[in-house]
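Asks: Top to bottom, those sequences are chains A and B. If you read the first sequence in the working numbering, its first letter stands for residue 144, the second for the next number, and so on. If you read the second sequence in the working numbering, its first letter stands for residue 144, the second for the next number, and so on.
Source of the hints: derived by calculation from the structure; they are not laboratory data. From the three backbone atoms N, C-alpha and C, an ideal C-beta is built for every residue, glycine too. Treat the hints with care, since some could be wrong.
[As the list claims (entries may be wrong)] Pair ranges (Cβ atoms, derived):
1) A:399 <-> B:242: 24 to 34 Å
2) B:403 <-> A:391: 50 to 60 Å
3) A:196 <-> B:390: 40 to 50 Å
4) A:156 <-> B:144: 36 to 46 Å
Number of protein chains: 2
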Amino acid sequence: VTETALIALIRRLAGRNRLATGRLDLGIGDDCAVWSPAPGRQVLVTTDQLIEGIHYIRRGTTGRQAGARLLGRGLSDIAAMGGDPRLVFLNLALPQADGWTTAFLRGFAAEARRFGVAWAGGDVSTVRGPAVASVTVLGEVPRGQALTRSGARPGDRIFVTGRLGAMPARITPRLGVGRALRNVATACIDLSDGLSTDLHHLCKESGVGAVIRAEAIPCAGTLDQALNRGEDYELLFTGARAPSRIAGVLATEIGVITKGHRVWLDGKPLRPSGWEHSF
Amino acid sequence: VTETALIALIRRLAGRNRLATGRLDLGIGDDCAVWSPAPGRQVLVTTDQLIEGIHYIRRGTTGRQAGARLLGRGLSDIAAMGGDPRLVFLNLALPQADGWTTAFLRGFAAEARRFGVAWAGGDVSTVRGPAVASVTVLGEVPRGQALTRSGARPGDRIFVTGRLGAMPARITPRLGVGRALRNVATACIDLSDGLSTDLHHLCKESGVGAVIRAEAIPCAGTLDQALNRGEDYELLFTGARAPSRIAGVLATEIGVITKGHRVWLDGKPLRPSGWEHSF
Numbered sequence: 144v145t146e147t148a149l150i151a152l153i154r155r156l157a158g159r160n161r162l163a164t165g166r167l168d169l170g171i172g173d174d175c176a177v178w179s180p181a182p183g184r185q186v187l188v189t190t191d192q193l194i195e196g197i198h199y200i201r202r203g204t205t206g207r208q209a210g211a212r213l214l215g216r217g218l219s220d221i222a223a224m225g226g227d228p229r230l231v232f233l234n235l236a237l238p239q240a241d242g243w244t245t246a247f248l249r250g251f252a253a254e255a256r257r258f259g260v261a262w263a264g265g266d267v268s269t270v271r272g273p274a275v276a277s278v279t280v281l282g283e284v285p286r287g288q289a290l291t292r293s294g295a296r297p298g299d300r301i302f303v304t305g306r307l308g309a310m311p312a313r314i315t316p317r318l319g320v321g322r323a324l325r326n327v328a329t330a331c332i333d334l335s336d337g338l339s340t341d342l343h344h345l346c347k348e349s350g351v352g353a354v355i356r357a358e359a360i361p362c363a364g365t366l367d368q369a370l371n372r373g374e375d376y377e378l379l380f381t382g383a384r385a386p387s388r389i390a391g392v393l394a395t396e397i398g399v400i401t402k403g404h405r406v407w408l409d410g411k412p413l414r415p416s417g418w419e420h421s422f
Numbered sequence: 144v145t146e147t148a149l150i151a152l153i154r155r156l157a158g159r160n161r162l163a164t165g166r167l168d169l170g171i172g173d174d175c176a177v178w179s180p181a182p183g184r185q186v187l188v189t190t191d192q193l194i195e196g197i198h199y200i201r202r203g204t205t206g207r208q209a210g211a212r213l214l215g216r217g218l219s220d221i222a223a224m225g226g227d228p229r230l231v232f233l234n235l236a237l238p239q240a241d242g243w244t245t246a247f248l249r250g251f252a253a254e255a256r257r258f259g260v261a262w263a264g265g266d267v268s269t270v271r272g273p274a275v276a277s278v279t280v281l282g283e284v285p286r287g288q289a290l291t292r293s294g295a296r297p298g299d300r301i302f303v304t305g306r307l308g309a310m311p312a313r314i315t316p317r318l319g320v321g322r323a324l325r326n327v328a329t330a331c332i333d334l335s336d337g338l339s340t341d342l343h344h345l346c347k348e349s350g351v352g353a354v355i356r357a358e359a360i361p362c363a364g365t366l367d368q369a370l371n372r373g374e375d376y377e378l379l380f381t382g383a384r385a386p387s388r389i390a391g392v393l394a395t396e397i398g399v400i401t402k403g404h405r406v407w408l409d410g411k412p413l414r415p416s417g418w419e420h421s422f
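Given the sequences, and given the hints that come with them, work out the whole structure.
Replies: The structure is reproduced here in structure tokens:
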């Protein structure tokens, strides 16, 4: 597969998506994409990376899974803000272009179609080393309704969606939940680094502390996996109350926001186990 | 330099930019950036990559030069559309974090400040191989005034800015020229791959051919360098006429758009020498 053939495949896979709101005025094929977001919306932007040998190994992952996974991570960030994804851009640094690569592109394109996202541009280059894929997702949210990490207040209850620690092969970005939380949650974050780390992120940005109960956490496996494994892509949110199911997804109360800046699990300090990589 | 220290540095360098129009409602520190473009504008999006061992070698380039160069390439795409750059996002896959890397970040941040662009997010990860940096630049353009590659018509004159083939160490994105061309040019592209290749791109997207004259091309070195060397980051545009200086930059007429799809130089077919990598 040559680079030119790869780009021809990308153009074919990208197709012409009609957006639910707003309009893609110009997609692949010019110096920039041109986009008209719908009136009364703010624009959301998130970027993410998927790196061979770090986030996946070729022999352990199909190309389709990896392509879908990269886009899923970006979509999960849009979900955490209560937004609707609209456009996606993919940069690829590749040591070779082969069947795995074309499967990656097909997986990426299928995931974009599934969520009504238009693939609007990108770049393909050679690298003499592991493959690096970089994604940018643009979304929309009704003005003033974006969920942030900074709105949690003492007394707010803490909730998570789904079951934690399972590390699913396929990410299901909680877009429906995010939309439903727009006028309900005081703060929200997606669980990419693990509950222990992401709860610290939310508390830090809100200037608050938290107390959670181990027995309340909906675990897919062990408690340690639920706290520290990461890659859940469920939502962690705060608010006065929440129904037990939101947009068809289980929601579980696990604790309460407090004054101060400490995070406690069953009366002991909860340490963030993960790392920070996004900024 | 640890990854955490790197992210602390990035947060410090990014600062809080006030945009000329529109508003960055939420920058670094949440799941997404939140942006309100100015009313009556369309959003422009472009992405680019800079790869160690392909686009630069560490010993031959300072970190500051490389950081400025990556952003300059993105800004040049915004210029080619007649737009104003507003937000930038940087993804880094790094084998190590050292002095060269912090210089890269400082060069990138200085270039962002220079052009009034807000550094609004990104991602840092480890890679076991060459460094890969990926940039996304978002801009604005007054509705309906974006310059595209597809508007050239037979009889239009062909112009280039500056002198070609010099491969300058520092990119000067032609943002002022792009703005001035909004209601003047029929089509525009930035010269990243070299005149021979980029003229073919413009003709293909417009469904036209072209005839250019070697003696008219403003060469910094040899004719071959001006045609094929690439990395000029000047603008190639078409229209009825143009002054000899635009926004203080030399503009030179080098030929005319024709029917058909062939590109001719002094009566001989001009072959595109470069490659295609953006899509």
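Asks: Please go over all the hints and tell whether each is borne out by the structure.
Replies: Each hint tested on the structure:
no.	hint	result
1	A:399 <-> B:242: 24 to 34 Å	violated (45 Å)
2	B:403 <-> A:391: 50 to 60 Å	holds (57 Å)
3	A:196 <-> B:390: 40 to 50 Å	holds (46 Å)
4	A:156 <-> B:144: 36 to 46 Å	holds (39 Å)
Of the numbered hints stated above, the single one contradicted by the structure is hint 1.
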